[in-house]
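Let the hints inform the model, and build the full structure from the sequences given.
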Amino acid sequence: MVMLLSRISKGTVMDQIYVPKIRAPGFERGVTVAITPLQSKAITEIYRHHVQYLEPIKKIIVDEIFSYFEHVDNVLVAGSFLEEGFEFEDIDTVVLTEKSIDNAAIKTHFKAALGIDIHIICLPLKELLRGIDSDPLFQMLLSRFVAKKRLLVPKDRAIKYKLLDLQLLESKTLIDGFDFLNGREKYKLTRNAVAIASFLNNKPLNASSVDNEIEHYFGEMSVISIKENIIGAEFLLKYKIFHKKLLKRILEGVKNEPK
Amino acid sequence: MSQNRKKLIRVCIGNSTTVVVHRILGDSTEDTGLKKYYQKEAINALRIAETCREKINPKAEPLSEKDASIVHNKIIANVTNELKARIARGYENIRFEEIEIYVAELLKELQIL
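Taken in order, these protein sequences are the chains called Y and B.
Here the first sequence is numbered in this note's numbering, starting from 68 and rising by one per residue.
Here the second sequence is numbered in this note's numbering, starting from 221 and rising by one per residue.
Calculated directly from the structure, the hints in this document are not laboratory data.
No residue lacks a Cβ here, since even glycine has one placed at the ideal position from N, Cα and C.
The reader is advised that the hints may include incorrect statements.
Derived lysine-lysine pairs resembling DSS-like cross-links, with alpha carbons at most 25 Å apart [claimed, not checked]:
| hint | chain 1 | residue 1 | chain 2 | residue 2 |
| --- | --- | --- | --- | --- |
| 1 | B | Lys279 | Y | Lys174 |
| 2 | Y | Lys166 | B | Lys255 |
| 3 | B | Lys256 | Y | Lys227 |
| 4 | Y | Lys166 | B | Lys256 |
| 5 | Y | Lys307 | B | Lys304 |
| 6 | Y | Lys222 | B | Lys256 |
| 7 | Y | Lys255 | B | Lys256 |
| 8 | B | Lys304 | Y | Lys312 |
| 9 | Y | Lys307 | B | Lys294 |
| 10 | Y | Lys227 | B | Lys304 |
| 11 | Y | Lys193 | B | Lys255 |
| 12 | Y | Lys305 | B | Lys227 |
| 13 | Y | Lys322 | B | Lys304 |
| 14 | B | Lys226 | Y | Lys227 |
| 15 | B | Lys255 | Y | Lys270 |
| 16 | B | Lys226 | Y | Lys193 |
| 17 | B | Lys255 | Y | Lys311 |
| 18 | B | Lys279 | B | Lys294 |
| 19 | B | Lys226 | Y | Lys315 |
| 20 | Y | Lys315 | B | Lys279 |
| 21 | Y | Lys315 | B | Lys304 |
| 22 | Y | Lys311 | B | Lys304 |
| 23 | B | Lys227 | Y | Lys311 |
| 24 | Y | Lys307 | B | Lys226 |
| 25 | B | Lys227 | Y | Lys307 |
Simulated restraints on C-beta separations [unchecked claim]:
| hint | chain 1 | residue 1 | chain 2 | residue 2 | range |
| --- | --- | --- | --- | --- | --- |
| 26 | Y | Gly250 | B | Pro282 | 42 to 52 Å |
| 27 | B | Ala280 | Y | Lys311 | 35 to 45 Å |
| 28 | B | Glu274 | Y | Gly182 | 42 to 52 Å |
| 29 | B | Arg225 | Y | Lys88 | 25 to 35 Å |
| 30 | B | Ile314 | Y | Ile291 | 33 to 43 Å |
| 31 | Y | Ile226 | B | Ile307 | 18 to 28 Å |
| 32 | Y | Gly250 | B | Glu274 | 35 to 45 Å |
In structure tokens, the structure reads:
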């Protein structure tokens, strides 16, 4: 059943509910509708970090996720789910707790309840705060999120070259497996490699800044081209050069790192 | 060997190299930071190596001794080069004699050996 969500707002003679001009079928002018309060657990206040707008249906999903994790220190939803529209593959959810959780059971629950794949990252809060300064990919993930409770994420950077080497190694797959990856996978690997470079160059680590850097390295419209998988040998050559230079820089860093 | 089969084997070798290097470096590094918490299943390289392997005949049993030997030796050589470059730059706790163990383990997973 289609639902419209809104609040009752104060009027002069009568109170009113505003609804969007463009509405689903069944909500034409003149149609009689029932107004009923939502259950009190819905649309609870959430903490937002660089998230200006979240579609109402996504707020309901977030609320479902937060309600599930009642007894943890905090839970965050991040990643492409927060971008406008519905082009996400899964929902990146960070659960901050000392306890261990059953990942498989949780995935099954949300697949059944919401029809959505959920990717859980579970770790203690103190581990997150200890390790995030040396992890560009995690910093990028948490550049914007919604959380059950307020969370201040440190923005410091500590360069650990061996960790960066491990992370960059995964992006080598774009070279070796170019013909076997789809556009989304190619974009992710490119984005991760460029995020590592941005981390080293002390540049901002958020989705739009990294996308700008991708366009800087690989040309205008390259983000769309990569996602649509309409890139070819020219891009691959540029990427090989980029990857080689970055790897060289990281390995030099390993060499000069204090033991 | 057909051109397509050669290409599949080449891609399989390249990605298998990445998997082995990743495993060796991961095991030799004491502090892997937050990576241990968010590794999304197997890394992409392993998935691609498996995808390629599924397209190489024979599919349900190990490759011929000749093909398996070619794959095995190439991966060992590639991994050795990757690790030498890193050892020259200060990596420690990497033992070359263990490369064979990691490679053999992966080739069994991929049903190449």
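Hints and how they fare:
1. Lys279/B x Lys174/Y: Given pair Lys279/B, Lys174/Y is violated - Cα atoms ~31 Å apart, limit 25 Å.
2. Lys166/Y x Lys255/B: holds, 18 Å
3. Lys256/B x Lys227/Y: holds, 15 Å
4. Lys166/Y x Lys256/B: holds, 16 Å
5. Lys307/Y x Lys304/B: Holds, at about 20 Å.
6. Lys222/Y x Lys256/B: Holds, at about 21 Å.
7. Lys255/Y x Lys256/B: holds, 19 Å
8. Lys304/B x Lys312/Y: holds, 18 Å
9. Lys307/Y x Lys294/B: holds, 21 Å
10. Lys227/Y x Lys304/B: Given pair Lys227/Y, Lys304/B holds - Cα atoms ~20 Å apart, limit 25 Å.
11. Lys193/Y x Lys255/B: This hinted pair holds, its Cα atoms lying about 15 Å apart.
12. Lys305/Y x Lys227/B: holds, 22 Å
13. Lys322/Y x Lys304/B: holds, 13 Å
14. Lys226/B x Lys227/Y: violated, 38 Å
15. Lys255/B x Lys270/Y: holds, 22 Å
16. Lys226/B x Lys193/Y: violated, 49 Å
17. Lys255/B x Lys311/Y: At roughly 22 Å apart (the allowed maximum being 25 Å), Lys311/Y and Lys255/B satisfy the hint.
18. Lys279/B x Lys294/B: holds, 21 Å
19. Lys226/B x Lys315/Y: Distance ~30 Å between Lys226/B and Lys315/Y Cα, so the pair is violated.
20. Lys315/Y x Lys279/B: violated, 38 Å
21. Lys315/Y x Lys304/B: At roughly 14 Å apart (the allowed maximum being 25 Å), Lys304/B and Lys315/Y satisfy the hint.
22. Lys311/Y x Lys304/B: holds, 16 Å
23. Lys227/B x Lys311/Y: Judged against 25 Å, a Cα distance of about 23 Å means the pair holds.
24. Lys307/Y x Lys226/B: Between Lys307/Y and Lys226/B the Cα gap is close to 22 Å, so the pair holds against 25 Å.
25. Lys227/B x Lys307/Y: holds, 19 Å
26. Gly250/Y x Pro282/B: 42 to 52 Å: violated, 34 Å
27. Ala280/B x Lys311/Y: 35 to 45 Å: This hint holds: roughly 38 Å between Cβ atoms.
28. Glu274/B x Gly182/Y: 42 to 52 Å: violated, 29 Å
29. Arg225/B x Lys88/Y: 25 to 35 Å: violated, 60 Å
30. Ile314/B x Ile291/Y: 33 to 43 Å: Cβ of Ile314/B to Cβ of Ile291/Y: about 41 Å, so the range 33 to 43 Å holds.
31. Ile226/Y x Ile307/B: 18 to 28 Å: holds, 21 Å
32. Gly250/Y x Glu274/B: 35 to 45 Å: violated, 22 Å
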